[in-house]
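Undergrad: Sequences and hints are given; from them, build the entire structure.
Just so you know, the sequences run in chain order A and B. Going by our numbering, the first sequence opens with residue 36, and the numbers climb by one from there. Going by our numbering, the second sequence opens with residue 21, and the numbers climb by one from there.
Everything labelled a hint here was simulated from the structure, so no lab data went into it. Note that the coordinates shown come from a computational prediction; the quantities given were computed from them, not determined experimentally. Treat each hint with caution, since some may be false.
25 Å max Cα-Cα, derived BS3-like pairs, lysine-lysine [unchecked claim]: (1) 480(A) x 314(A); (2) 343(B) x 359(A); (3) 377(A) x 345(B); (4) 147(A) x 161(A); (5) 178(A) x 480(A); (6) 241(B) x 377(A); (7) 241(B) x 359(A); (8) 118(A) x 178(A); (9) 150(B) x 178(A); (10) 253(A) x 266(A); (11) 343(B) x 377(A); (12) 377(A) x 412(A).
Partial list, computed: chain B residues near chain A (C-beta under 8 Å) [stated by the list, open to error]: (13) 174; (14) 215; (15) 227; (16) 228; (17) 231; (18) 234.
Glycine included, each C-beta is placed from N, C-alpha and C at the ideal position.
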Amino acid sequence: MTQNQSNYLEFEGISKNFAGVNALSKVSFGCAEGEIHALIGENGAGKSTLLKCLAGNYTPNAGRIIIEGRPVIFNSTADALDKGIAIIYQELNLLPESSVEENIFLGQLPTKGWRIDWKTLHANTKKALARLNLDFSPEIMLKSLSIGQRQMVEIAKALTRNAKIIAFDEPTSSLSSREIERLFAVIAELKAEGKIILYVSHRMEEIFRICDKITVFKDGKFVITYPDVKKVTTEMLVKSMVGRDVSNIYDYAPRDHGQVRLEINNFLAPGLKTPANLKVKGGEIVGLFGLVGAGRSELLKGIFGGTRSTAGQVAIDGQKAIIKSPIDAITRGLVFCPEDRKSDGILGIHSVRDNINISARRNSLIGRIIINSGWEKANAAKRILELNIKTPTDLQLIRNLSGGNQQKAILGRWLSESIRCIMFDEPTRGIDVGAKNEIYNLIYKLALSGIAVIVVSSDLPEVLGVSDRIVVMRDGSIVGELTHDEATEEKALELAMIPDVAA
Amino acid sequence: MTQNQLPVPASTAKHKWPNFGNIWDTFGMLFVFVLLFFVCSLLIPNFFTWINMKVLGLSVSVVGMVACGMVFCLVIADLDLSVGAVVACAGVVTSWVLQQTDNMFLGIASGLACGAFFGLMNGVFVAIMKNNALIVTLATQQVARGAAYTICGGVPIGIMNEKFYLLGDSDILGIPTPIILMAICFIIFGFLLSNTIFGRNSLAIGGNNEAARLAGINVVKTKIIIFTLTGLVSAFAGIVLTSRLTSGQPMNGMGLELNAISACVLGGVALTGGIGRMPTVIAGVLILGTVENAMNLLNVNTFTQYIVRGLILLAAINLDQYKQKLRLK
Numbered sequence: 036m037t038q039n040q041s042n043y044l045e046f047e048g049i050s051k052n053f054a055g056v057n058a059l060s061k062v063s064f065g066c067a068e069g070e071i072h073a074l075i076g077e078n079g080a081g082k083s084t085l086l087k088c089l090a091g092n093y094t095p096n097a098g099r100i101i102i103e104g105r106p107v108i109f110n111s112t113a114d115a116l117d118k119g120i121a122i123i124y125q126e127l128n129l130l131p132e133s134s135v136e137e138n139i140f141l142g143q144l145p146t147k148g149w150r151i152d153w154k155t156l157h158a159n160t161k162k163a164l165a166r167l168n169l170d171f172s173p174e175i176m177l178k179s180l181s182i183g184q185r186q187m188v189e190i191a192k193a194l195t196r197n198a199k200i201i202a203f204d205e206p207t208s209s210l211s212s213r214e215i216e217r218l219f220a221v222i223a224e225l226k227a228e229g230k231i232i233l234y235v236s237h238r239m240e241e242i243f244r245i246c247d248k249i250t251v252f253k254d255g256k257f258v259i260t261y262p263d264v265k266k267v268t269t270e271m272l273v274k275s276m277v278g279r280d281v282s283n284i285y286d287y288a289p290r291d292h293g294q295v296r297l298e299i300n301n302f303l304a305p306g307l308k309t310p311a312n313l314k315v316k317g318g319e320i321v322g323l324f325g326l327v328g329a330g331r332s333e334l335l336k337g338i339f340g341g342t343r344s345t346a347g348q349v350a351i352d353g354q355k356a357i358i359k360s361p362i363d364a365i366t367r368g369l370v371f372c373p374e375d376r377k378s379d380g381i382l383g384i385h386s387v388r389d390n391i392n393i394s395a396r397r398n399s400l401i402g403r404i405i406i407n408s409g410w411e412k413a414n415a416a417k418r419i420l421e422l423n424i425k426t427p428t429d430l431q432l433i434r435n436l437s438g439g440n441q442q443k444a445i446l447g448r449w450l451s452e453s454i455r456c457i458m459f460d461e462p463t464r465g466i467d468v469g470a471k472n473e474i475y476n477l478i479y480k481l482a483l484s485g486i487a488v489i490v491v492s493s494d495l496p497e498v499l500g501v502s503d504r505i506v507v508m509r510d511g512s513i514v515g516e517l518t519h520d521e522a523t524e525e526k527a528l529e530l531a532m533i534p535d536v537a538a
Numbered sequence: 021m022t023q024n025q026l027p028v029p030a031s032t033a034k035h036k037w038p039n040f041g042n043i044w045d046t047f048g049m050l051f052v053f054v055l056l057f058f059v060c061s062l063l064i065p066n067f068f069t070w071i072n073m074k075v076l077g078l079s080v081s082v083v084g085m086v087a088c089g090m091v092f093c094l095v096i097a098d099l100d101l102s103v104g105a106v107v108a109c110a111g112v113v114t115s116w117v118l119q120q121t122d123n124m125f126l127g128i129a130s131g132l133a134c135g136a137f138f139g140l141m142n143g144v145f146v147a148i149m150k151n152n153a154l155i156v157t158l159a160t161q162q163v164a165r166g167a168a169y170t171i172c173g174g175v176p177i178g179i180m181n182e183k184f185y186l187l188g189d190s191d192i193l194g195i196p197t198p199i200i201l202m203a204i205c206f207i208i209f210g211f212l213l214s215n216t217i218f219g220r221n222s223l224a225i226g227g228n229n230e231a232a233r234l235a236g237i238n239v240v241k242t243k244i245i246i247f248t249l250t251g252l253v254s255a256f257a258g259i260v261l262t263s264r265l266t267s268g269q270p271m272n273g274m275g276l277e278l279n280a281i282s283a284c285v286l287g288g289v290a291l292t293g294g295i296g297r298m299p300t301v302i303a304g305v306l307i308l309g310t311v312e313n314a315m316n317l318l319n320v321n322t323f324t325q326y327i328v329r330g331l332i333l334l335a336a337i338n339l340d341q342y343k344q345k346l347r348l349k
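TA: Below is the structure:
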């Protein structure tokens with residue numbers, strides 16, 4: 036059965052389905068000791084589901100997980116922990132209000148009789164931190180650490196539990212480049228100690244840098260395992276991920292621009308330092324670039340009425356718009372797709388249909404208050420078809436969809452309105468190559484129909500790739516502007532980072 | 021726009037049959053009630069009689085009306101602990117005004133105004149001041165209860181207005197008026213919850229407050245309306261109760277908030293917000309009422325009844341959790 040006896044961890048025909056929908060089917064591959072194994076695939080391809088099976092969160096419907104030649108069955112996360120499995124999730128499972136030492140030894144605090152043995156706890160925590168070359172005090176509150184440091188705490192926690200298999204789910208998505216270097220150094224050490232690292236990421240350059248083998252998933256199925264990363268190219272990976280060639284995922288083409296549709300003058304909102312001025316024409320895509328904390332999201336949220344603006348005017352199609360709350364913006368055709376879909380975008384426990392109709396239903400009421408369920412059903416069906424949202428039915432809970440499909444549902448919500456200007460905050464965050472391309476094409480289509488588009492992104496190639504014009508922000512202020520043709524990564528970064536370059 | 025694409029994603033075609041979880045969500049509690057009712061009819065003498073049915077209906081009429089408002093509070097992931105005190109206060113205000121003026125319309129109107137005032141107060145503190153609903157409504161509970169005692173000086177206020185008795189002590193087509201009024205409340209609030217934009221917005225707010233706000237829902241306004249409506253319907257229940265008792269009593273409705281919450285949770289309303297339907301809440305109200313009625317017929321001691329009620333509440337929340345787990349799997 037097992038192809039390779041030397042593999043420490045082996046997945047054998049793992050399948051998992053939810054309410055009749057296959058999330059994973061017949062996934063088989065193995066990992067040896069001291070191996071860094073990348074798992075890649077589009078969102079909804081099954082990587083996270085596989086990790087959850089490994090962690091004991093889900094029980095597979097079929098197949099076996101084999102560790103050291105023996106099949107194991109996990110009924111709970113505690114079972115998995117006992118077998119030396121630790122998963123470092125994107126959203127960390129730590130207690131912000133507790134100290135580092137309490138977090139690391141949570142559930143296994145050393146005791147002296149009835150009391151906690153703080154001395155031993157201190158000493159053990161110091162040892163655990165020293166192993167990862169971390170220099171902060173064991174007593175410091177977790178909430179005062181950066182995301183990168185918290186991740187290190189999570190790794191330290193895994194190591195004190197003698198984890199042998201450590202899986203990382205998108206570990207670098209919110210780290211600074213220095214923190215990423217440190218993480219990679221730690222991962223290299225873990226590899227040298229013979230640990231098995233599973234590494235889920237969308238970032239190709241990282242995978243090529245640190246991983247040994249790559250396994251590709253597509254639509255819940257195992258596609259291929261590349262045993263030697265040196266013999267693989269990005270093109271090969273992308274091709275096996277999407278099953279087609281994606282030479283240039285941006286497919287940019289210039290468009291004609293019309294009249295100015297959105298104009299803001301001397302605009303100030305919480306998080307902005309100098310008054311912002313910006314004009315966006317119909318059919319134009321303006322990319323808003325800046326480093327994290329530059330005020331891009333704050334500007335969008337302020338324009339949309341998500342926060343109260345403190346000064347300045349907004350005009351839509353030349354008409355002054357007083358926007359005090361999101362509904363004021365929406366009724367004027369100005370809409371916003373937020374960055375954090377889970378907390379600001381979707382209603383996870385409600386259906387795709389309700390998520391699409393939540394806003395536009397007010398325009399189709401019977402007698403001003405009664406829901407027109409026939410219209411809602413038809414509208415949801417129309418958007419699902421138009422945007423190619425992959426869902427078993429429109430009554431499926433939206434949290435069961437992949438990130439890309441959730442984003443499309445939010446877009447469907449706004450397409451149900453008559454929109455004149457749309458603002459995207461990180462439209463493709465956590466969305467993989469194939470779905471990204473789909474989202475870009477939708478953005479182009481919106482622009483082509485004469486809508487003014489603003490796209491905020493931290494992904495520099497993306498901003499350069501999709502925008503007609505790039506507006507750069509730094510430290511709560513707009514500091515410069517580049518056209519599509521003159522923009523390069525260097526120019527944009529210089530503007531975003533160095534105070535005196537602003538032209 | 022994309023007509024030439026594959027019209028339907030492949031996975032859409034299969035999976036037509038409704039799954040068991042959905043059926044249980046929709047009809048589970050109704051089924052439990054029918055079963056309970058059937059067993060009681062078989063085993064308890066005098067249970068399935070016209071007189072006892074009237075007794076049962078009357079006994080749940082107050083909690084039923086209050087539950088109508090409570091559903092909305094729970095659906096937006098808040099709750100209202102002041103409903104019991106509002107029932108008492110509205111009754112006392114109505115009977116005091118009746119005593120002073122002998123004007124039935126004025127009496128009822130001032131009782132309702134009293135309920136709306138306390139509800140509005142809850143709404144303003146919760147929605148605008150962003151205070152925790154548990155604490156705000158606990159405070160309102162004290163204020164309303166205190167106001168009830170203060171107005172009547174601690175002594176029930178008797179009512180002489182005979183027309184006012186009709187509200188609680190008359191029949192329509194052989195059915196006691198309070199039961200009819202409760203049914204009307206169920207229909208109105210049930211319709212509001214499932215079929216109006218107000219109800220859908222309430223569900224959306226409970227599902228994800230921030231996302232609902234960014235989707236253009238006026239969260240503050242919706243919350244204020246919900247608390248005001250809850251105060252209003254509680255006051256109405258208090259007025260009907262006062263009519264039945266022919267006097268305004270400041271100790272009415274003690275512990276009523278917990279019964280109403282129990283009924284809602286039994287009826288499948290998620291305490292985390294965003295999920296709730298009126299038909300199952302009605303089943304929850306009837307289950308509670310039937311158990312209480314059965315215990316009375318079996319001469320179970322009042323003190324023991326409290327224990328049973330507590331255990332039912334525990335069972336209800338665990339059922340709720342179990343269902344949520346089912347949904348996740």
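Undergrad: Would the hint linking residue 377(A) and residue 412(A) be met if the CA-CA limit is 25 Å?
TA: Given that 25 Å is the threshold and the Cα spacing comes to 24 Å, the pair holds.
Undergrad: Run the distance test for residue 253(A) versus residue 266(A): straight-line Cα separation, threshold 25 Å.
TA: holds, 21 Å
Undergrad: Does residue 147(A) pair with residue 161(A) here, judged by a C-alpha cut-off of 25 Å?
TA: Given that 25 Å is the threshold and the Cα spacing comes to 19 Å, the pair holds.
Undergrad: With a cut-off of 8 Å on the beta carbons, see whether residue 215(B) makes it to chain A.
TA: holds, 5 Å
Undergrad: Under the criterion that the straight-line Cα-Cα distance not exceed 25 Å, is the pair residue 343(B), residue 359(A) satisfied?
TA: Roughly 40 Å between the alpha carbons, so the hint for residue 343(B) and residue 359(A) is violated.
Undergrad: Let me know if the C-beta of residue 228(B) comes in closer than 8 Å to any C-beta of chain A, holds or violated.
TA: holds, 5 Å
Undergrad: Is residue 241(B) close enough to residue 377(A), meaning Cα to Cα at most 25 Å?
TA: holds, 24 Å
Undergrad: Holds or violated: are the alpha carbons of residue 178(A) and residue 480(A) at most 25 Å from each other?
TA: violated, 43 Å
Undergrad: With a cut-off of 25 Å on the C-alpha distance, tell me whether residue 241(B) and residue 359(A) pass.
TA: holds, 14 Å
Undergrad: With a cut-off of 25 Å on the C-alpha distance, tell me whether residue 377(A) and residue 345(B) pass.
TA: With Cα atoms ~19 Å apart, residue 377(A) and residue 345(B) stay inside 25 Å; holds.
Undergrad: May I ask you to test the interface hint for residue 234(B) with respect to chain A, counting a Cβ-Cβ separation under 8 Å as satisfied?
TA: Hint holds; residue 234(B) Cβ to chain A Cβ min 5 Å, cut 8 Å.
Undergrad: Need the status of pair residue 480(A), residue 314(A): alpha-carbon distance at most 25 Å?
TA: Roughly 20 Å between the alpha carbons, so the hint for residue 480(A) and residue 314(A) holds.
The structure fails hints 2, 5, 8 and 13 (numbered hints given earlier, in ascending order).
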